[in-house]
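S.K.: Chain residues, written in single-letter form:
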Amino acid sequence: GAGVSQSPRYKVAKRGQDVALRCDPISGHVSLFWYQQALGQGPEFLTYFQNEAQLDKSGLPSDRFFAERPEGSVSTLKIQRTQQEDSAVYLCASSPSPGVGNIQYFGAGTRLSVL
Amino acid sequence: GQNIDQPTEMTATEGAIVQINCTYQTSGFNGLFWYQQHAGEAPTFLSYNVLDGLEEKGRFSSFLSRSKGYSYLLLKELQMKDSASYLCAVSPLSGGYNKLIFGAGTRLAVHP
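Sequence lines, in order, name chains Y and X. The first sequence begins at 848 in my numbering and counts up one residue at a time. The second sequence begins at -14 in my numbering and counts up one residue at a time.
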């Protein structure tokens, strides 16, 4: 019974470096979300996929952030030219279907530190 | 605008009862979730309320008043393992999918 898996768990990047964060959702889950969680704060919505379609990217903080889910399963969040303010935990969540009230199942996150 | 408020920190004694409050103002409402998050781990689902009233699930209960924009999570018979952050999250109107807006979380410390 695999849950949501994220890799790597920890990533240290030098300022200006590009990074790619991977999310393996629960098999068969239609909906996939990315959140950013700063230290001591709650998760903040970044983007939403329904299968392979990115339906909402309103939370992406800048055009340096890009997400994809080309085959409707695994998703990658890419951050170009990382800045110190990008340091945070990036959480992925999946849900069986898009309907309201559906539970989101979270991964343990990738902790990104930009030096 | 969207605003979710909950206390930053709470402490309680093992075996006691604690109530964590959450108030919200959001553009539309499709339900309120509570999640538990231990340090360095994934948030895990605790409860979901969409109608007014109390939902009970073992040692945990959650209450919702939509007219007051208010919810609470009640934890009974506290155990040391209940020391964690508790996240209140609202599902706003958002095109038919279950996007969540989270509060900053309440860090609960349970002492012997």
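Please keep in mind that the hints were generated in silico from the structure rather than gathered at the bench. Check before you lean on any hint, since a few could be wrong.
Said to hold, decoys possible - Coverage of chain X stretches by chain Y, computed from C-beta distances (three or more under 8 angstroms per stretch; other residues unrestricted):
id : segment
1  : 23 to 30
2  : 37 to 51
What the hints assert, rightly or not - On the chain X side, residues computed to face chain Y include the following (Cβ under 10 angstroms):
id : residue
3  : Met65
4  : Ser68
5  : Gly90
Here a beta-carbon is modelled for each residue, glycine too, at the ideal position from N, C-alpha and C.
S.K.: Next step is simple, just say for each hint if it's right about the structure.
M.R.: Evaluated hints:
1. Remark: the segment 23 to 30 of chain X is confirmed as covered by chain Y, as 6 of its residues place a Cβ nearer than 8 angstroms to a Cβ of that chain, reaching the required three.
2. With 0 residues having a beta carbon nearer than 8 angstroms to a beta carbon of chain Y, the segment 37 to 51 of chain X misses the requirement of three or more and the stated coverage is violated.
3. The interface hint given for methionine 65 (chain X) is violated, since its Cβ lies 21 angstroms from the closest Cβ of chain Y, which is over the 10 angstroms cut-off.
4. Among the interface hints, the one on serine 68 (chain X) is violated; its C-beta lies about 16 angstroms from the nearest C-beta in chain Y, farther than the 10 angstroms criterion.
5. Evaluation of the glycine 90 (chain X) hint against chain Y yields a held restraint, the C-beta minimum of about 5 angstroms falling below 10 angstroms.
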